[in-house]
Structure formats: structure tokens, C-alpha cells
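Given these sequences and hints, build the entire structure.
There are 2 protein chains.
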Amino acid sequence: MVKRTSFEHDPCPVARALDAFGDGWSLLIIREALLGVRRFSEFQARLGMAKNILASRLRALVEHGILEIVPASDGSAYHAYRLTPKGRGAFPILVALRQWSEEFDAHPDEIATVLVDRDGGRPVRKLELHAEDGRLLAPGDTTLQPRSVRKTKKTGARLSSH
Amino acid sequence: MVKRTSFEHDPCPVARALDAFGDGWSLLIIREALLGVRRFSEFQARLGMAKNILASRLRALVEHGILEIVPASDGSAYHAYRLTPKGRGAFPILVALRQWSEEFDAHPDEIATVLVDRDGGRPVRKLELHAEDGRLLAPGDTTLQPRSVRKTKKTGARLSSH
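Those protein sequences? They're chains A and B, same order as listed. The numbering of the first sequence is UniProt numbering, which starts it at 1 and goes up by one. The numbering of the second sequence is UniProt numbering, which starts it at 1 and goes up by one.
Worth flagging that the hints you see were computed from the coordinates, not collected in a lab. Honestly, I wouldn't trust all of these hints.
[Claimed, not checked] Sample of chain B residues at the chain A side, in silico, Cβ under 7 Å:
1. 40
2. 92
3. 117
Glycine is no exception: its CB is placed at the ideal position from the N, C-alpha and C atoms.
So this is what it looks like as C-alpha cells:
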């Protein structure tokens with residue numbers, strides 16, 4: 001996928017995040033890194049990507065502060081890629097993508113894995129969005145407000161729930 | 001952005017979701033639809049996209065069952081695009097992308113909006129992932145298991161938290 005438009009300075013935080021991830025490959029690289037992958041050759045083997053595309057995506061992820069370059073743990077001359085806190089912070093994005101597929105995919109039987117609680121071994125719940133006071137929120141219970149005047153109540157457009 | 005690889009039948013649900021969304025534009029179209037946008041001209045004006053790209057992305061979203069075509073509400077010959085339940089189900093993905101930017105963006109002051117609880121007018125909490133029994137889970141508290149043998153405890157790789 002070739003990026004044609006930069007959302008780097010877009011006022012929308014969704015667009016800014018999409019700018020950082022660039023394309024689907026970047027989120028799959030982060031998925032592998034969360035699973036413990038650190039070496040170029042291992043990313044390449046697991047993702048089946050062309051080396052030049054993998055190299056450019058890794059470079060972009062390092063530039064965005066999502067991965068950092070560290071010495072290889074085996075003491076060799078190779079280096080490895082490690083997630084920064086910003087990179088590990090993408091975990092809820094991956095969970096949201098996963099759960100959307102689990103709920104809406106036309107062929108859920110083709111999904112190979114389940115995200116489970118390590119202690120109980122049971123599937124996790126769906127991600128929950130709560131109000132400050134703890135109430136569970138649906139999309140229609142939320143609204144967007146301008147950041148500068150967000151203390152003014154109910155001025156934003158209601159998020160469509162129809 | 002030009003899609004070069006299809007993840008449509010990938011065993012990973014993250015990859016499958018990325019295949020459905022295709023590129024950043026599709027999630028921004030869904031964002032606008034959640035805000036109530038329905039007409040081609042309005043998507044075009046708000047997103048500033050080239051008409052041919054917008055048309056191709058809308059077509060793909062309809063093919064994926066994320067948008068559906070409905071008659072225009074004004075009774076004109078134009079049609080409109082409405083989110084299906086599958087489309088509205090992308091809301092947590094958009095929230096996760098937003099919150100990642102809010103937490104990690106180098107210039108959070110450039111973010112124009114805040115997602116608030118419609119009743120209280122207060123910013124929402126961060127998305128939460130809970131175990132079946134209610135415990136709040138961090139990435140390192142979760143693991144992936146093969147779907148077919150998921151009753152076997154703790155066989156998956158621990159998600160990296162370092």
C-alpha cells in the first residue's frame with residue numbers, strides 16, 4: 001500500500017493515528033512485536049513481506065517512536081527492534097480490530113486464534129468504553145466537542161446510532 | 001493508498017479487519033458516517049478526497065457490508081450511504097485510534113476534539129479490557145491460543161510486555 005496523503009497534522013486524532021501506522025503492514029509488525037518478535041529475519045519469515053517493504057515499514061515505525069533499535073540479545077552484530085511504550089500502547093487498537101472481525105466476519109471459522117486471559121485461560125470480554133462515573137457507553141451515548149471549549153455541555157454533534 | 005496484498009482469508013483477525021478497511025480513508029469515511037454524514041457530496045467536502053478515490057472506497061465499504069445504499073431522505077433521485085451494524089461496530093476501533101493519539105502524539109495540542117459522555121459532558125475513560133470475571137487486563141495479562149484447542153490452558157505465547 002502506498003501512502004498518498006499525510007494526516008500528520010490533521011486535527012482529528014483518528015487521522016493522526018492512521019498516519020503513524022501508515023498501512024496494514026505496520027499494525028501487523030506491531031502485532032508480531034507484541035508476540036515477542038524482534039529480529040528482521042523473524043518479522044520477514046512470519047509476515048512473508050518483501051524485504052524492502054519490511055525495511056521501509058520498520059524504519060517508519062522507528063521514526064514515529066513506535067519501535068526502537070536495540071542490540072541483539074545474542075551479542076551478535078545484528079540489531080533488534082523493540083516496542084516503545086508508544087508501540088505497546090497500540091494494543092487496544094489491535095484488540096478492537098480483532099474483536100470487530102470476531103463479531104462481524106463472514107467466515108469467523110477461519111480465525112485461528114482467541115485472545116484469552118492468561119490466568120483463567122478464558123476469552124476476554126469485549127472492550128468497554130465507560131463514562132468518567134463508570135457508566136458503560138454505547139456510540140450514541142458519546143459526542144465530540146471542540147477541545148478548547150469542552151466544558152460547554154452538549155454542543156457537539158451526536159454520534160449517529162441509527 | 002493502493003492495496004497490494006489481500007488479508008481477506010488470513011487466519012489472523014487483525015489482518016482480516018485491516019483487509020476490510022483497506023486504508024486510512026475507509027476509517028475516516030466511517031468516522032464521518034458515525035457523525036451523521038450520508039451523502040457523497042458531503043463526504044467529499046468534509047474529507048477533501050478526490051471523487052474517484054471516494055467512489056472506490058464507498059463501493060468497497062458497501063461490498064464489505066460496512067455501508068449500505070439507501071434512498072436520499074429528501075426524496076430526490078440521489079442515494080445515501082448508511083452504516084450497517086457491522087459499520088457501527090467499528091466504533092471501538094476509532095476510539096482506540098483516537099485514544100492512542102491522545103496519549104502518545106508528539107503534538108496533542110493540535111488535536112481539535114474530545115470524545116465526551118453525552119450526558120455528563122465529561123471526557124470518556126480509556127477503553128478497558130476485562131477478563132470474563134471482571135478483572136482489568138493489561139497486554140501482558142493476555143495470551144493468544146489456537147481457536148480449536150482454546151480450552152487447554154496457557155499454551156499460547158505470552159504477549160510481550162517488556
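For this structure, which hints from the list above don't hold up? 1
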